[in-house]
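Asker: Whole structure, please, built from the sequences with the hints as guidance.
Protein chains: 2
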Amino acid sequence: MSKRLSATADYEELLDKYDTWLFDCDGVLWRGDHLIDGVVEVLSLLRERKKKLFFVTNNATKSRKNYKKKFDQLGLKVDVDEVFGSAYASAVYISSVMKMPKTKKVYVIGMKGLEEELDEEGIAHLGGTDPADNTLADFSLKNFHPDPNVGAVVCGLDTSVNYTKLSKAFAYLHRDKDCAFLATNIDSTYPSAEGLLPGAGSISAPLAFALGRKPISIGKPAETMLDCVRAKYQYDPERTIMVGDRLNTDIEFGKRGGLATLLVLTGITHESEVVGPNASTTVPDFFTNSIGDVRAVLS
Amino acid sequence: MSKRLSATADYEELLDKYDTWLFDCDGVLWRGDHLIDGVVEVLSLLRERKKKLFFVTNNATKSRKNYKKKFDQLGLKVDVDEVFGSAYASAVYISSVMKMPKTKKVYVIGMKGLEEELDEEGIAHLGGTDPADNTLADFSLKNFHPDPNVGAVVCGLDTSVNYTKLSKAFAYLHRDKDCAFLATNIDSTYPSAEGLLPGAGSISAPLAFALGRKPISIGKPAETMLDCVRAKYQYDPERTIMVGDRLNTDIEFGKRGGLATLLVLTGITHESEVVGPNASTTVPDFFTNSIGDVRAVLS
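Heads up: the protein sequence lines correspond to chains H and D, in order.
Quick note on numbering: the first sequence equals residues 1 to 299 in full-length UniProt numbering.
Quick note on numbering: the second sequence equals residues 1 to 299 in full-length UniProt numbering.
Treat the hints with care, since some could be wrong.
Simulated crosslink set (EDC-like; lysine to aspartate or glutamate; CA at most 16 Å straight-line) [what the hints assert, rightly or not]: (1) Lys-142(H) / Glu-194(D); (2) Lys-51(H) / Glu-12(H); (3) Lys-142(D) / Glu-194(H); (4) Lys-112(D) / Asp-138(H).
For the record, the hints were derived by calculation from the structure and aren't laboratory data.
Answerer: Okay, structure coming up:
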């Protein structure tokens, strides 16, 4: 059963037990463009106590550099090396895990941030923000000349998704069973400031349906994201905690990695999914209303 | 086991046994813009023998009237009342099965043909070909004012599918559990003249994924299409045969309706899916290379 944190001693105990803190961002630190109350103080407190902090996001629409700007705008001081995004993890996966030869290319359904991370890893890519593929004009295979060097299709959230991109990606994957099918993440929904929108998983879903083949998903809850963190920093899983607002991504991710897990209720999950008869089978070790609650130790 | 037809007597027997012939079109009568060899003669032969003919298509991009033009162009004489499309069946389902009040509206992800069939049934609709929704511009819920009268979302193949349409449809379905979620059909692929493209099922797939809810599919293999035929014409299922090129739509459709089934190999299905160790569990009563083979009885 999940432990509800409420007393000052609960939060003190958490600070004592965990040296490394992994945070999901949207729904934990902010919601859309609104900082969650107390986040500045809590991050300062953690830094004062010499905790290692990492920010782990499935958002693949922005590169780490650009994602850091969001922190800057909200007045949160972080280092770009503390930020791990699913676009970055996807690029690392393609170059280091798949070891895709440099002569090969990736067909992208996704946005600028994903392309930037592929560029950083020296991975050639097609599609994405290319104006030729960002069109609602009719698509015909007659005018399509597939690039024989495409060795993977990667799908992230793409608010310019369209039938041309889907058809090209389908063609690459359908013609060549060895063409890798990757998704930066398969979040069902995306929490915009004004409410939920279809998430990155709904961008790869048409291909998965048409092909009868599921993508390899890189972001949370897959361990690939944690492998990326681990490649850069040593940490002791027993003294590491994952803080998130989604049971099926954040909490599942922490559990798969053998980390402690703290669910906050400022995001997508309702308390009834944590306790009571309709609780999820994914049980966080701890839950609290908001990360801001950790401020209790300051009073 | 499926019976392979080859002798003249096989085709004569078919003509004796079945009075009503239901045809799938693409892959059976034509492929893309190319008529399949012998189709004109075979349809003439069936009409001479006083057979009732129906053309049952999952294609929801065209209304029956417009779909008939395709027959005209290819030199096939059919009556519009002989044509049954999944767009028409969807409209009939909304008005006659769901009995959606006339004050309610449908949000459409689909093309002109679907809108025309909704118009014919007097069903108000939003989205679809509305230029405001056919855009790759950023979508924000901030500027979206949902119509409180939307009672259903219907998805057909839409080559202008985009994030605005998906987000609006998602919003209608997510806000209101009673909002019906319909798909004209859920074909995984669409057979264009130049090869396969993502099908209508890949248009509803993003919503199904984001919502965790499957659409009610109207087209083959669902019986709704057959209910539409039945509403207009009496036929004896024992003396009716469904001719198609897809096991999981056409043949499944015939079987569910208690009809005899004839698979042709001019479309999507390979012989190895009908006979041998890798055969599908959906077994047509008969199979033959092409509908043109029925010409054997003429010689």
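Asker: Does the structure break any of the earlier hints, and which numbers would those be?
Answerer: The structure conflicts with no hint, since it agrees with every one listed earlier.
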